[in-house]
Each structure stands twice: as C-alpha cells, then as structure tokens.
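Here is what each chain is made of, one letter per residue.
Number of protein chains: 4
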Amino acid sequence: MSDPRILTVRPKEGEYAWTFGGAAPVARIEPGTFLNVYTEDCFAGRVRSEKDLVSEVCEFPFLNPQTGPFHVVGAEPGDTVAVHFVSIEPARDWAASTTVPLFGALTSTHATASLQAPLPEVVWMWQLDRDRRTCLFSARDSDIQVELPMDPMHGTVGVAPANLEVRSALVPDAHGGNMDTPEMRTGVTCYLGVNVEGALLSLGDGHARQGEGETCGVAVECAMNTVVLVELLKGVSTPWPRIESDTHLMSTGSARPLEDAFRISQLDLVQWLARDYGLSELDAYQLVSQAGEAPLANVCDTNYTCVAKIRKEWLPSGDPHRGLHRHLRETAALLSTP
Amino acid sequence: MSDPRILTVRPKEGEYAWTFGGAAPVARIEPGTFLNVYTEDCFAGRVRSEKDLVSEVCEFPFLNPQTGPFHVVGAEPGDTVAVHFVSIEPARDWAASTTVPLFGALTSTHATASLQAPLPEVVWMWQLDRDRRTCLFSARDSDIQVELPMDPMHGTVGVAPANLEVRSALVPDAHGGNMDTPEMRTGVTCYLGVNVEGALLSLGDGHARQGEGETCGVAVECAMNTVVLVELLKGVSTPWPRIESDTHLMSTGSARPLEDAFRISQLDLVQWLARDYGLSELDAYQLVSQAGEAPLANVCDTNYTCVAKIRKEWLPSGDPHRGLHRHLRETAALLSTP
Amino acid sequence: MSDPRILTVRPKEGEYAWTFGGAAPVARIEPGTFLNVYTEDCFAGRVRSEKDLVSEVCEFPFLNPQTGPFHVVGAEPGDTVAVHFVSIEPARDWAASTTVPLFGALTSTHATASLQAPLPEVVWMWQLDRDRRTCLFSARDSDIQVELPMDPMHGTVGVAPANLEVRSALVPDAHGGNMDTPEMRTGVTCYLGVNVEGALLSLGDGHARQGEGETCGVAVECAMNTVVLVELLKGVSTPWPRIESDTHLMSTGSARPLEDAFRISQLDLVQWLARDYGLSELDAYQLVSQAGEAPLANVCDTNYTCVAKIRKEWLPSGDPHRGLHRHLRETAALLSTP
Amino acid sequence: MSDPRILTVRPKEGEYAWTFGGAAPVARIEPGTFLNVYTEDCFAGRVRSEKDLVSEVCEFPFLNPQTGPFHVVGAEPGDTVAVHFVSIEPARDWAASTTVPLFGALTSTHATASLQAPLPEVVWMWQLDRDRRTCLFSARDSDIQVELPMDPMHGTVGVAPANLEVRSALVPDAHGGNMDTPEMRTGVTCYLGVNVEGALLSLGDGHARQGEGETCGVAVECAMNTVVLVELLKGVSTPWPRIESDTHLMSTGSARPLEDAFRISQLDLVQWLARDYGLSELDAYQLVSQAGEAPLANVCDTNYTCVAKIRKEWLPSGDPHRGLHRHLRETAALLSTP
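Residue numbers (full-length UniProt numbering), protein chains in the order written: chain A, 1 to 338; chain B, 1 to 338; chain C, 1 to 338; chain D, 1 to 338.
Calculated from the structure, these hints are not laboratory results.
Away from chain B, derived, C-beta distances all over 10 Å, residues of chain A:
#1 A24
#2 F62
#3 E76
#4 G78
#5 L102
#6 H110
#7 Q116
#8 P118
#9 N225
#10 R326
#11 L334
Derived, one-sided and incomplete: chain A residues facing chain C with beta-carbon distance under 10 Å:
#12 G104
#13 A105
#14 L106
#15 T107
#16 S108
#17 T112
#18 A113
#19 S114
#20 L115
#21 A117
#22 L119
#23 P257
#24 E259
Cβ-to-Cβ under 10 Å is the rule here; a few derived chain B residues that face chain A:
#25 T98
#26 T112
#27 V122
#28 A219
#29 R256
#30 E293
Remember, predicted model here, so these are calculated numbers, not experimental data. Glycine included, each C-beta is placed from N, C-alpha and C at the ideal position.
So that you can see chain A by itself, here it is in the shape it has in the complex (with noise of 0.2 Å):
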C-alpha cells in the first residue's frame, strides 16, 4: 500500500506499549489515515508449543504488547476517535491458549484469593486454516479435534485513560483497553473518548476467535495483520466506548462486580438512544430492556467487561455519531485491502 493515506507499522522487538498513557507515540496521524499494523500476540509471541509455559517464558509486566500509540492530529479531550476495523487476518497459521496459574474464571485468583492450589498449567496450539477460515482445537487427554469457525477480533483497543493515569495493557476500563470481547471484529467501527492530547491509540491482542466470557482467561491467541481506518469526532464525547455495526449499536461496560460492567453498558446505551433518538430516558430504558442483547466480554481480566447491544432496525430514525459509521464503511470499500 503507498497510499499516502496509509501508515504501515511492523513494530521490532522493544517498540511495543505495554500500557495505555506512558508510552511516547510511534507516530502523529491525521484523522483519515489508514494504519497497517502487525500486533504481536498477548505472550509477545513467546508461546509457540506445548511445552512453553506462561509461567516460565513469558516475563512480567511484560505481557499483551500493543502497537502504538498513535498521536491523533487535533484530538483534545471531549472529542471522540473513531476507529474503524477494515480488515484483522491472523499473520501465522497457528494460535495458542493456555491455563495460567490464578488467572480466569473458573480458578481462585490473587483479587477472588484462595487456600487452594491453581490450576495445572496447560498448553492448547490450535491450528489456523486460513483459506477455509477453520481454527482446529485438539484436545490435551483425548484424541478429539473439533473445527471452529474463525473469527478475528481485538482484544484490546484504547486511547490514553484520564485521570493522569497509566494503565497496564491488560486492564479493560473507559479508556477502552483490553475489553476482550468478540465483537471488536472486521467491520465495526470502535469510538473511544479523547482524555489527553492526541488520544494516544493503540491495539493488540488479537484472537483468531474467542467465546464470550473469555472463561479461561486466555483466548485463541495469535498474532495480526490489521487495517484500520481512525476518524476524529470533533466536540462529542463518549464517556464508554462504544461499537456500531452495520447492524447494531453496542455500549460496553469494564468493572467489577460483573453487575456493574452490566449497568454501565445499558445506562450508556439508554443515555445513546436518549441523545441520538429522541427518545426520554424511561422510554429508551423500556425499550432496551426488551429489544436488547447482553453478551458478555470478558470475566476474568481486572475489570470484567459487558456489552449492551440493540439492532439499529429496531431504533427510531436517528443519526448516532454522525453518520460516521456509514461514512468509514464506504471510504474502506474503496480501498484496495493488501
């Protein structure tokens, strides 16, 4: 791609973020531009066999490296950047998951702590087709192998947090991060609200595919080819990120208890369709609370994350964002994608 639209970044190692806020940006971008970035997987790509424990290769803090940040030419706080995912292809044809001691949901962890011992720590490789689009799950103590769709997503997306603070890049929180929920997939557009100077953006951890809920604490793991469009939004906040479909609005919520999350993401969604739908608070609370979809993102990471969900065909006529969803799907179309 020469398009001078388009940025190309292919971090060495040592040139990824390991947080959101800290990190000096790799580069300034004006709203518009096209990134092409390559994301390592959330293990720094150090897990590449059965053999290769969290807990022996991987070194802490040094987890979930992120591509960026990206400084956004003109973005203050109060405004909303708007990233749009054209495309996320899986840069090698295998993927990994694992157990890791004290981390997920079916485990005691250092917050939810126990007497009991972990976990034992277990490697999955999967398999990546990429021409049939398959991700193969083999079994550790069986010799079944099941054929999953693939389904590419981020983990995690984000902008520098307010509050003068720096958070590590595997907590999901209103700065976005790592909300690890399987609708940040090809097609969507994400908006994150600008808390500093040039939104600081950056993304990684992506997955070849992911259940809801992220039970284990650890997805289908794997490095990315990722195009994404960024749009400025000048003068609207977004105090939650939010994602649009070309059929659905989606409110995320990152908290604990896991109610919490849940109430954030629907009062964002009723506070949505109060703004952008001319309708009152009560009725955009009946309405979502009978037209709406609650899938859960992710309950295992720092804060746990919720999405409230609503098809836009089941909205009143309104404008959310703009129209700028529409508009970023139509200026990807034109692009020759790699």
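Add chains B, C and D to chain A, keeping to what the hints say.
Just chains B, C and D now, with coordinates in the frame of chain A:
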C-alpha cells in the same frame, strides 16, 4: 385436545401457586403427559392500562402466579424432569411492562440500598399482533412507536427446592424458578433436577418478548396458552437447570454477584461436556472458553441468572441426557397442536 | 427455675427445627416470658473428635438445628419481637471447628465455582475452661496451643420469613437466621420484624467464640444453655434485624455481594437514627460516616452479613424502640440466673 | 527540628503529587529518616465553608494531593518500606466533610450506575478542639450538635505501583494509596512492598476522624502536620499493605466486590502468620477464623478496602518483620516531637 395423554389446566383465581415448594399439587401426571396450561401474567393480570401502577393494584406477595404444581409420578431426588416447550402462545392481544419502585438494574433497590428517591412508576402497554407475530412499543414521552418481533417465552419454570425450603416464585435458583431467560422459548427442553418426591413442577410468567438482562426488571408480560411435554429421566441428576434446543446446549447459574452466576453456569457446562462428550474437564474448559456464548438472562431478580451456551455442531459426538430432547421433539411433532 | 414466667425447653432428637418458617411451634409464649433453652451445635452434635468429618458424619440438610419455633402470643406482621440475651453458657467442656469442602471464604464454593480441588477436611477440637472462661486452640500441624477468651454467642436467631417462604437455618436474611455475628452475645437485645402471626421465633448455633467474618465458615461450635427474655413491640416495624447493647445500636444487613450487605446495614442505621433521634437522613448519613463502626459478621454463608454500629453516647438524646432494651436489662437482672 | 535525620517538607501550591507513580521525587531520603510533613486535605483546601460545593470549587483530577514522593535510597523491588507514624496533628481548627454527587456508599455511582438523580450536595463544617481532642458535628437540618473524640489518621499512604502503572491518588490497591482505614493512626507502622527503585513514597488525605466504611465517601477532612519515621527492610516482600500496632497485626486488601477485599486481607494475614509464627496455613486459617477482627476501611473508593486484624497477645511467639515495629517505636520515642 381429548388425547388421554393431554391434561388441560386453566386455573381460576385462588388456584395459582406463589411459591416453589410448599404448595399442594393440583394434579398427578405420568411421565409422557402433555400439559396444556393457561398461565397468568406476573401481575396476576392486574396491570391492564397505563393507570394501573404495580404499587397500587398489586398485592404483595401475590406476584408471579404459577400454574401447578404438578406431581410427576415416579420422580425422586436424584432424577431429572424434562419439560419440552411445544408451544407458547399469548392469550391476549396486549401485554404490559412497567418500572417498579426500587426494582430493576438501573436503580437502587432494597439490596443495593441508597438514600436516593426511586424512579417514577411508569406503565407501557404493548399491543400484540398474533397473526403478524409482532409486539408494538409505544413510547410514553413522545409519539415514537417501534414494532418488534414476538418471541414468546416463560420467565419462570421450576420444581420444589432442596433443603426443605420454600421459595417465592420471584426467585431463581438451583431449582429453576424465575430465571427470566429468553432462551426458554418454544422448541427447547428444560432439564430440572428433582429434589422432592413428585418433583412438584410449575410454570408461569409468560413474556411476549424480553431483552437479555431484563434491565428494567419487567419484560413484555403476558398471559399465555402453553403446551409442554413432561418426561422423567430416572437416575440422572441435574445440579442446575439446563436447556437443550435443536442447535445448542445451555447451562444456567443463578446467584449474586453476577460473576458467581457466570461461574456456576460455565462450570456446569464444562462438567456436562466432560460427562456426556468424553472430554477431560480441562479440555472442556478450553473448548467452552473459545466456542461458548454467554447471554445474560436477568440482572434484576433476587438472584441474577446467566446462561452458558454452546452449539451442538461444534461438539464431538455425544448423546446428552440419553437423546431425550430429540425424542421429545419427535413426540411433540406427532401432536396436533391446538 | 420454677418461675411461671420461665419456660424451659430441652429438645430431644427429632424435636429440632431445620428451617425458619415451615415448622410447627413447640410452644406458645406470652410476651415477657423467659426461655431457658438448650441449643445443639451446628453439626447436630455429630462432630465429637478430630476423626468426625462433616462430610461423613453429618446428613444434609440436617445441619444447624434450631430450638423452637416459639409462637409469641399477639405478634402480627408489622410488629417487632425483642429477644434479650440474659445468659449464654457452653453446655460442654469442648467445642469443634472444621473446614467443610467447598464452604468458607478462602476456598471456591458451590456459588463461587471453580475447577480446583477442595481444601483438605480438617477438624479442630477446642477445650473450653468454663471457670477461667477460656477456649484452647490446639494446632493440628504443630504443637502450638493458644488460649483465647471465651465469648459465647448465638450464630442463629430469627423468625419465620415474609413472602410465604421457608428458609434453611443456614441462611441469614431480613428474618434474621444464620447471621453469625459475634455481637449476638449476653446482654444484648435483638429486634426482629414479625412476618407471620406468632412470629415463630427460634434460635441455635452457639459459638464459644467467633472471629469477625467467620473466615473458614465455621466458628468454635458448641451446645449452649441459654436464657432469653422475649418481648413484643406492637406497631413498630423492623425491616432488618437490629441489636442494642448497653453501649451501642447496631443494624444488620445480609446479602451478596458483601457491599450490598454493607449498604443495607448502613441505610438501616441511618434511617433508625432519623426515626428515633430527630436527625434528617442526610445528617444521620454524615454522623454515621464519621462515628460508625462496621465489623463484618460472616463472609461465608448463603448471604453475607455486615453490622453497622454506633455508640449511644455519641448520639443526640433519643429513646430507641421505646426504651425497651433498658427495661429488659432491668427485668433480667431481677431473675436469679441458673 | 534541626536533627540531621529529620527532613521537613511543606509543599507550596503546585508542588503536590496527584498520583502514585509518574511523579518526580521531591527528595531522596536515607532509611532512618524522620519526615516532618504538611499534608493538604483531599479537597486541596478548597472546601472552607458550607457554600463551597466540591462540584464547584474543586477541579478534577486535582483531588487528594499527596506530599511526596520520596525516593528511599536503596529500596528495590522485593524490599519493604516501613512507615512509622510518630504523630498526626490537625493543622487547622476546622475540617470539612460533604456529599459528592454520584460518590459514596448510599448512592448510585459512575460504576453502580442508575437513572436516579444524585443526592443533594451538602457540606458539613466540623470544629476541631485540638486541646480537648474533639471534633464537633453540627447538623445542617436541625440544631443538633454532637462532640466526638478526635482520632487523626491518614487516608492515603503508598508507593509507586507495579506493572508500569500510574494510579490516581484516589485509588487504593496493592501499592497502598487511598485505603481510608482509621487504623492508620499515630503509633502504627505501615509496611509497603517496593515496586520500583526508590519506592517513591508519598502520603496525604488526613482525617480528624473517620467511621469504618467511610459511608458517605468523605471523612472529617483536614490538613495535617505529620511526622513519620521511614525504614527499609531489604529482602522482605510485602504483597499487600500491612499495619502493625503495639497490640495488633493487620493486613489490608483492596478490590471489588467487597468480598474480594476481604479474601485478600484474610489470606494475607493467614500467610503472614504462617511465615512468621510457625503455623501451617490451615492452622493459621483456623486461628484467624476464631480470633480475627474484620473492620471495614472504605466501601466507597475505586476499590473497597478491608482490614484483617489479630491481637498479638493471642499469637504464638514470633518476630514479625524482624521486630521492626518495636525498634521504630523506640527510636521515635527518642525524638523530641514538635
């Protein structure tokens, strides 16, 4: 329906049950019986216009009337009762929803207690078009109307609880009860573990449709004419309510905080796959983590309910619950539905 | 004690209650009656040595036997029963504690479900010196012994619940029940809101002592000889169990997650001060925020229990519950204790 | 104080830190240094009368100013910094408390989100009598006044966090920070695990007194003149902040939901006893279960904080943290306090 295998029950006022456990059976039924029942709505039919506020027309604790209980002949603790939903049809051309003071997900409650004033009490009357299978939402604070697909379901189905307890019909727990999941629709089989002799099955709380999470605490509440086919699985225990459709296996968990409902449902699905599909527990944990869905049921009731769900086509070969769902599906197809 | 106002009850095997609600009263008592009762320990007396594992010697659901219920003549919904603890004396010179598989705060449980193995099941036998008022802890894995002060209390006291429910004696909720707070000691008055005619009061689960939070799920469990003085407050409602000592007012809340138990207890104390001490709700909120104590009761039972506590000498003048505690204290002093 | 071991620091406006981590050290200090510091109140001194509403006079995120950070010479990750509180004296004869919109335990918040209106914003000015050691509460809605004992403490003390993070001074976590426990009073030693070279210690948020749980979210906030003695324990790690008084050992945990804060604090205390007192983990679990106290610290901050506490006289012989508290106590006694 004059088929001897069919029992028709249309309770009169005073003949409903308000609890699981603690109510005398209305009938004894043999396994293999079709129940053709009328269920009243959760308001006991008392909310019939926008002027009928729950706090004025309803009488606590007489909420969420249940049709039943039915004594299933031969059911003993350690067995499983299977309830196959043959049809769920709205009995009226309207349904009601409402806010209830200090009840719902986006308000403080008697448990998540605060010093704030409750939200206003507002009723929404929904028009049902049973031919076109639609539900019409009419906003209260504007002229906006939205037509949604009808998707009838039962919020409540369960058996007498364990541990000598009697629980309000408003409570979901291991005995089933008020789980409020939209997955409880026509065509599925619900498996319930038996805790007392005869199981004491009842059901109610029909919804013309409901969003995931039932955010405002109340769905599109509607009286129903429902046909279920009841079977008994001797010697098979079911620790938490499970649902099987033609395409999916589902486990439920009901608890607070919401992450515990998630944990229960996920562990139950993992252990179900381990029992019936030949996977080790850790392999099942990995497969569910990557292939599972996790739609919320309710985040408003005394316990919150979460569903763990997996596509049967993505599983290795297995025969869950001895192939009972397929058998019930076929048996139901033979019945000329009313 | 041959005083006509005294009723002595020493249940035989088979005469205990295992629930709140759902059990026939063992006696009708007039307000002003002293109950001189024997209570068995939570294991129904079956854990008598280090070899008696709960999973082997106890029979679910026959845990936590209650002495009662007592029908308090004249008690109706909306009234309050007051239970003044005159004396609580260990009935044996030993007590037992233990880990129970998948029960307790530092282990996964049936609700906080995990794939980990349970902790080992270990019994600790405690020697009680009733003259010196001490409890002797003997470590199992070393020769260490520690002598702690005896501080006898009842883990469980309550009335029949509202909403037509019957709850296991293991559950704490608005009806009281298994609150497991060390504050329920000799000299205090416990106020319980009446939900059914006659209140149906019972008590049990004596502890020679207990830490706050009851971390391992089990206290120093002991049969007790206990004297309580029971009174009735007509026309005074008590939404959650309250405790009054000579020095403190206390409100309890029982719920999950633990912050909801905290919220309930704090709101109840704020509203208690607003009702009986002439403070506005916001002023009471401020005073409790600066003057209150918040000792945890249990973080292991079906609901967790939190206590909100304030010194009476730090309150403006007021007369809580019509001065009943002071009156009961004086009446009890007149009784020659056994 | 002209003692060379004493460093006096009275920051000017613009010289406070607003985060843990991410701020340049104001001084390098040798272990054994006395810090004689002024700390401003959590409002940065801007709430000075009943008319000064936080939402009007304070400027987010410039809340909770910290004095520091101090680079402790020689401190490296894996070590422990000990902060002994020699004296904490109110710097003014008044202090302020207030409700803050959508902050506190008895209101919905940005995380426990609801559609309800916030509580009214009210300021209470407290008069401090430093000679009589009292704090005078004056109700806003009546003439009621109540005098409470002064019990000065620091809500916030901590070091730079691990994992490359920078956290707002409003956050409590494993690095300490805004724990808001009344136990952080004169005479105690706080142990903090070192995460970065030099530790980067800071403190602030003085309270003339505070209730357990800090229910309304704000204590009796007061600028302080405080003397601490700082020491370094090489090669001793401290996973969560610990506090030692002359009479008690205390562990803290900060997390959501509140039961996780409880679990962390209890597990830490159990493992502390196992390390320093020769008990096995299960024996320590039993002893803490029967002898421990569990006073809540805060149930309002970004994480909730719980304290696990045990009397030293009830422990077998042991020498926690190499007897450092006793040594610091003696050293402090030699200092002629200001």
